[in-house]
Amino acid sequence: MKILKEKCVGCANCVPVCPVGAIFIADDGLSEINTETCVECHNCYRSLSFEHLPPGLTRVIRKFLKTISLRFQPDPDVCPTEAIAPDDLEWPRIIRRAFSDPMVTHESTGVHGRGTEEVKTNDVSNRIKQGEVGLVVEFGRPGIGAYFREVQAVTRILATSGAVFESGNPITQMMTSTETGDIREDILDEKVLSCIVELTVKLSETKRLLSLVKELCKDVKTVISIGVSTVCDKNGDDAIKDILIEEGFEIGWAKLNLGLGRATDSAAAAQEVGQ
Amino acid sequence: MTNTLHRYGEDENLRDDFIVFAMAAKGFNEQGALEKARTFLRAAIKYEPINMGNALVNSLYRPEKDLSFIKLYFIGRQEKTTYENLIAEMPGPGSAAVVFDRRDRATDFVRDVKKLDLGLSINISALIDDTRDICGEVEITPHAVEYTLGFHGATEKLPDQQTLSISTMCGHGMVSSHFARKMMDRVKEGRMTPKAAACCMAKFCVCGVFNTTKAMKILNTVKKGQ
Chain A
1 MKILKEKCVG CANCVPVCPV GAIFIADDGL SEINTETCVE CHNCYRSLSF EHLPPGLTRV
61 IRKFLKTISL RFQPDPDVCP TEAIAPDDLE WPRIIRRAFS DPMVTHESTG VHGRGTEEVK
121 TNDVSNRIKQ GEVGLVVEFG RPGIGAYFRE VQAVTRILAT SGAVFESGNP ITQMMTSTET
181 GDIREDILDE KVLSCIVELT VKLSETKRLL SLVKELCKDV KTVISIGVST VCDKNGDDAI
241 KDILIEEGFE IGWAKLNLGL GRATDSAAAA QEVGQ
Chain B
1 MTNTLHRYGE DENLRDDFIV FAMAAKGFNE QGALEKARTF LRAAIKYEPI NMGNALVNSL
61 YRPEKDLSFI KLYFIGRQEK TTYENLIAEM PGPGSAAVVF DRRDRATDFV RDVKKLDLGL
121 SINISALIDD TRDICGEVEI TPHAVEYTLG FHGATEKLPD QQTLSISTMC GHGMVSSHFA
181 RKMMDRVKEG RMTPKAAACC MAKFCVCGVF NTTKAMKILN TVKKGQ
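As they're listed, the protein sequences go chains A and B. Each residue of the first sequence is one higher than the one before, counting from 1 in our numbering. Each residue of the second sequence is one higher than the one before, counting from 1 in our numbering.
The set of hints was computed from the structure by calculation and includes no laboratory data. Even for Gly, the Cβ is constructed at its ideal location relative to N, Cα and C. Take these hints with a grain of salt, some might be off.
Stated by the list, open to error - One side only, chain B facing chain A, incomplete, derived with CB under 8 Å:
(1) ALA55
(2) THR131
(3) ALA144
(4) LYS157
(5) HIS178
Unchecked claim - Here are some chain B residues the structure puts well away from chain A; computed CB gaps all over 10 Å:
(6) THR39
(7) LYS46
(8) TYR47
(9) GLU48
(10) PHE74
(11) ARG105
(12) GLU137
(13) ASP160
(14) GLU189
(15) PRO194
(16) THR213
(17) ASN220
(18) GLN226
With the hints as constraints, model all of the structure from the sequences given.
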């Protein structure tokens, strides 16, 4: 992302809307983006409304108002001169946008946002089976961001834990080896707003894996959001709630897959009938 | 839709917040999924969801890219589209989401969705006890559950609780904590109403899962210095 200096009038409305705080007012009084911090989420460009005031005249008016202790202040969600523009991103920087812009679809999985369906479609995909637990470890959320190098430090240890990395997950797709947890070298210094590592473990291994993840969280320099999922039994009850409470987690907010989905695409439906 | 999993707040704060969304599984039920997603959203209209969205097209609340002096000061801003426009604009099924601030409406909607038998995966994000109650009332046996275990690691980098309660309503992080803070300050200073600030923030959440009613409640407490 870039600020068009010839258009910017330094109103600073774009500064707080950046989720990672990459936009600032530089010494010239105009906005600037710290490209190292920017995660290319396109939030500033996409979500600020644009007015099309002439930049030169607007700067003159701003200066004049300042001399009489008045302030030119557009609505907080408006860039008055359309001074924000996206860059043409090349590899590996483009990976920042793939993971950070919710309107971009991940090429590796065909899913937008963070690129994973988790248990949201499990009633159809049967990704997590009875007796298994899905662990969703999300780096950088909420609003802090993470480098893939930080993620790799954790995936390397998780790779030796006996858990299985979910194959239909963008981070797994970026691994050079799921046995070592290594992520491809050319993206390690790229920063994203957040990314999800997905693991599947046996129900009996849940406590051990959760303890390991909690331990690993102590050494990271970013924030990690953890989610745990499982398939319900025929009564709709689940086996992990009690485990989580025993482990000291507070249970409140959750997502429930209602089980109303089914395979209808011809090939998938035929396969389902075959099973 | 992991973006609805980690909403922050006390139970009292999280009550009256129900996100119901429909999603097709890649390679399993994509054929005809767009029309089914539209049917899903259309079915919600009569229950007046407070927000609606699809990350491929944006939410009910959206930015205006063609503001002019006349629009700003004479005609007025058009900050929200209609349910029907949003549904017509959808280019693909994506995750079609609706947000309710009343449990009875969420329950009635889920009952209708069950009858529609769309074949898409339907999920509810809310407090688990409330969601299980809805399933009981509608006679649905849930297939799977995902619990949030909260935030870990360098949590000292996170903002204060009120700010988090607002900013985490967009799980993709598009409602920046700095912007949420700015809105809270403006409300406190009397420069914006809680409603205007909530609607302003909702424009940044492209999936349409930002709960404006909950945001207004939080902003009202901020306004009163609580």
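Legend entry - Unsatisfied constraints (hint numbers, rising): When the structure is compared with the hints, none of them turns out to be violated.
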